[in-house]
Structures are given as structure tokens and as C-alpha cells.
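Fit chain B to the known structure of chain A by using the hints.
Chain by chain, the residues run as shown.
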Amino acid sequence: LRSCGSPARTCREFAPLALLPAGKDRVLWRLQACRHASVGSCFAPDSAKDGSFSPLESNLPSPVKQEQAKVEALPDLNAKILNEDWDDIPPSSALEEISEEAAVQIIAEPILPLQSTTLRDYVDHSETLAKLVHLGVDLSQVEKRQKAGQLLLTLDFEKDIRKILLFLKDVGVEDNQLGPFLTKNPYILGEDLEALETRVAYLKSKKFGKSEIAQMVSRAPYLLLFSVERLDNRLGFFKNELGLSVKKTKDLVVRLPRLLTGKLEPVKENLQVCQIELGFQRNEIQQIVYKTPKILTASKKRLRQTFDYLHNIMGIPHHMLTRFPQVFNSKLLRIRERHMFLAFLGRAQYDPAEPSYISLDQLVSLPDEVFCTEIAKASIQDFENFLKTL
Amino acid sequence: LVPTRVPVLADHPLVQGPRFRRLKIGAGHRLDVKASGVFVLGIGHGNKLLTDLYNCHLTKVYTVGGLFGKATDDFSDTGKLIEKTTFDHITREKLERILAVIQGTNHKALLMYSNIDMKTQEAYELAVKGLIRPMDKSPPIITAIRCLQFALPEFQLEIHCLHETQQYLRKVVHEIGLELKSSAVCTHVRRTRDGVFTLDDALPRTQWDLRSIQDAIRNCQLKVETEIEKTLGHRDNSPVHQLDVQTAESAE
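For the record, the sequence lines run as chains A and B. Just so you know, we're using my numbering here: the first sequence kicks off at 1 and counts up by one. Just so you know, we're using my numbering here: the second sequence kicks off at 1 and counts up by one.
No wet-lab data here; the hints were simulated from the structure. Hints are not guaranteed to be accurate.
Said to hold, decoys possible - Footprint (simulated), chain B over chain A, 3 or more residues, beta carbon under 8 Å:
no., region
1, 116–126
2, 377–389
Stated by the list, open to error - Derived pair list, reagent style EDC-like, types lysine to aspartate or glutamate, alpha-carbon separation capped at 16 Å:
no., chain 1, residue 1, chain 2, residue 2
3, A, 388, B, 200
4, A, 210, A, 197
5, A, 388, B, 11
6, A, 131, B, 11
7, B, 171, B, 158
8, A, 169, A, 197
9, A, 163, A, 175
Unchecked claim - Beta-carbon label-pair distances, calculated as ranges:
no., chain 1, residue 1, chain 2, residue 2, range
10, B, 52, A, 147, 45 to 55 Å
11, B, 80, A, 311, 17 to 27 Å
12, A, 264, B, 86, 52 to 62 Å
13, B, 100, A, 362, 44 to 54 Å
14, B, 201, A, 362, 24 to 34 Å
Ideal placement from N, C-alpha and C gives every residue a C-beta, glycine not left out.
Chain A with its partners taken away, still in its complex shape (with noise of 0.2 Å):
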């Protein structure tokens, strides 16, 4: 990161104190190097009280150096106090000791890198990365994607960010989640703001409510980063490939907004293994989709080995299967203790003709103690002791 020119920074004034060293008169000091850049620089001549001198920026060579400075307003007073000094009292050398107290006096502050691979070094001295913190950006998430910090540095709170702030409250993400959105999407803040509305315009006139357009935003932080044309294109793919109606696909995308800004080959590729090694008929699968649109996006591995667990191992149909879809998201390892243990006490039935019958979402989605306790009718100490004998 390279720390720039104007915007972000911020002039600190140290008041050099009356501080003498000890035993002799007022002397006026000189300043040794004092070069001021053309920005930014605060110099106030006051006259006779302490006055104040510009701190070096970050992008001058020369180190501040330690002294205390009385600057005289008037320069020909200057002048004449100059010409006195140079043969009367020699200047007093960085060598020489101070008492103590006038050592802590002195503040010398370290500079500003030029180049740092952290956002901490810059975040006391820049008021954007301070505001952004207080909104609750993870910085330290931000400044590991690639060119974020550096954009971040070179905006201006002012001016940029709070157009686009604003614009994001416009569209309903709430004051809480505007922190973790822009910690997951922190390019938005570079975006142009005639753009973004143009996309919610487009997502209006696609009939997308406005409470439906902020959960989606708020969900998918990408989504607005997406051209109107690539939105479009996307919407048209996931209504040819699903043959959802138009109602249900936007119902769909409002629920998985991940879909719109995920890539498109493996949603294709994992219809075609639900479609052929699966071997689930083409009207099963929408109505799976629709129930669980995360199946879409999961990987096909864990899909292929959980589908052959339910139906070869569990002896589960494919009908049983359309109807409780939720038990491919869950953890294989899950369904595999839970059917051993019901097996393991006879109370493994899955087939709602049979009595005692257990539907497949109540072994997978309860938590363990109720399961425990309503369907498998045994202690969760029995439940433990069995998992230990697998």
C-alpha cells in the first residue's frame, strides 16, 4: 500500500512547550528542516504565544527532529535575532543531556510508512478508516482482499463513502449490517452511484419488491457490483434450466440470492448428476430445487455419497426422498449414527405405511437431546455409549 498525497491526511499540531533547557536564557532555535508540502500544511503564525509548526508529511525524506522551535511572526524581527545568534551563543547540539521532564516533553511521533501491508499502521491518522471501524468494518478481513485497502485509502469519507452509505440505507440494508457488508464487499465503495441505481431500477421493473430487493442485497453483498446485463442474463439461465415459472424462480433467487452471484458450470453440472446419476425424474427435481435451492451449490462428491447412503444403505425411495429434501444438506456423518442407532434398537422405519414410522427431516434436523428423547425413546448416555462402540 502507498500511502497518497492529499486526501487522507491529517495535519497534527504539537504546541511546543516553553521548555528550556535547564539553567539557561530564552534562546530562539532555529528550524533546521522545516519543509512544508503545498497541501495540508497548517502554519499558524501567532505572535507572541507558542506557535505552531507543521509536522513533516509522510511522503518528505527527512525525519522530524527533536527540538522545540519559538517561531517569530515578524521576518526581519527573524532576521536580526538570526544574525545576533550566529555569533553570540552556538546552537545547542541533539546531543546534549535534558532533565527528564523535558525529555517526556518532547513527542516524537514515528512516521507514516510509505508502503505497509496492514491497514493498522494508517487507521489513527486517516478519519475514513476511522469512521469505517466505528461502523464496524473488519479491516483486517478487508486489507487481505486484493487492492480493497488500497481503494479504502484513497477514498474521502465526505465526498465518496457517504454517497454510497446512504444509497445502501435507500435500498433497506439495515445500520447494523452495513459493517459486515462492506467487509464482505468493499469494492462497492468504488463503484459509480448513476450504475447502481441503475441495476435496483432494473431489479424494480423485473416486479422485485423493495423489502424482497434489500433482504436480497443484503444477502448476496455482490449483487450490485453486476452490470444490468449480466443480472439479466443470469435471471434468463436459471429460468430455462429450472423451467420454474417466472413467480416461482424469483421467489427462488430472493431465497438463494448466492445463485445470481455464484458461478454458472457447477449449478449446471449438479442438475445433470441429480438428473442422471441420481436418477431423479425432471419434475422431482424442481420440486427439490424449489424446496432446497441449496442442492444447486452443493458439492457433488458429498451429493453422490449422501444419496447412496440414503437409498442404497437406508433403503429410502426415490418418492420419500422429493418429499424431505433438507437431508441433503446435512452432514453424512449425522444421518449415519442416527440410522445405526435406531437400527441398533429396531426403531429404524422409514416407510409411513409401516406404524412407528420416522419421517427422514425429524431424524436429521433435531437436536440431539429430543431426538434422543422422542424418537429413539432412549437416554442421551445410551446415545454416547453407542457412538463410542461404532
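Relative to the frame of chain A, chain B by itself:
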């Protein structure tokens, strides 16, 4: 002059990141993918105790399940099938006879590798207490083996062993099959005890949280310390160690 620390935005957790990023975890005796059971882990400073436990050379107890009638290339039931045999002639007595033979040969190997002169009084005392074991590297040795269940074609064995790998146990099952003029494959290998840690101390997956782990560490601390004292303690009574202790005391 008193130094003070001023709170600064750069120390905020959102800027610094998480405080603890890594944890040093070491593993005790290996357990391969197809096996299950007690697996000892050491965290942070506990890893030093792991090396001490390894040098104690304590026995481990396994429950091994087998199946007669098949032979595969990697001795387990998921491997490629090589041959099928009949097993009707096998009875429990024949199996137990074979197990006794195995135990006998392994006992001889145990005595040989423990490097103790058999004719001394010390050796007799250790043998009475059952404490003879090889204190250095040695090939796998079975100290005890018995049959838990026998229901043709399945059977279950309990094996106490040292310095073994799970594949060696599967090979033992295969060899038992060959000795009985049939063939056998191993269906499961489960470790029920690893030195001082038994199944009761083990945490199942439902208990993998901070509180249970802390309690488990506290419970096992005493056991581990006494065992290390007992086994490695008598080694420290050698003359070299005595000299070290004396020089340390005189230096203080």
C-alpha cells in the same frame, strides 16, 4: 515518571484481527483411516508429555472383528477379492488353539526384545508383576489375545499389543484364517485403550467443546503423571542422574 498506555484505534479487534490464530496439537499413537477408537491428542505444552508417554511403551487394547471365507489384497473387507473358501470346519476350540500358539511365540519375542537377563532376581520380580516389556524400538508384539465372540462366519478378538499398526492387526487376522486352513478378512479395528486412556475418558463427537475438553484434561492429569513417574522414574535412579542431582544441589 510513569508510563501509561493510551487506547488507540489500531489496537481495536476489528483492525487487528482475531487474537488467537493457531493452536499446536500433537497426536499420540497413530490410528489409520479405517480404524476407530481412542485417539490421544496433546495441546500446546502437553506435547512434551506425549513424548514421555511414547517412551513409556504402554500396551494398547484393540477389538478386532473378522469374517471367515474371504481373502482380499489389503486384508480388509473393502479390498479387492482374491479368493473365497469354505469355513464350516472351523470351531471355537480350533480358533483358541491357534490364539494360544500366537500368544506363546509373541511372549518369547517379548522376552527377547526387552533386553533383560533372564537369570537375575530383578527379571523374576518384574515378570511376576507383569512389567517386562521392550523399552526400545521393536517389531510389533502381541502380549495377550483372546476370543470375545464366535458366530460363524464372524468372530471378534481382543488383542493387547505393543508397537503395532492397524494394518499389522489385519494381517494377523488374515494369518489366523490361513492357519485354520481357510481365509479371513478384518471388518473393523477399534482401539479401546491406549496406555492410561480408556473409552470412559474418551470424548465422543457430541462433546467436542471447550468445557468438556478442559474437564477431560483435568481428570487425566493425575493418571498420566503417576504413570510417567512409575515407568521413567526408576530409570532416573542411574548413577549419572545421581551425580547430576548432587551437582545441582551443591550449586544452589
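Item to check | Numbers of the earlier hints that this structure fails to satisfy, in rising order | outcome: Number 5 only.
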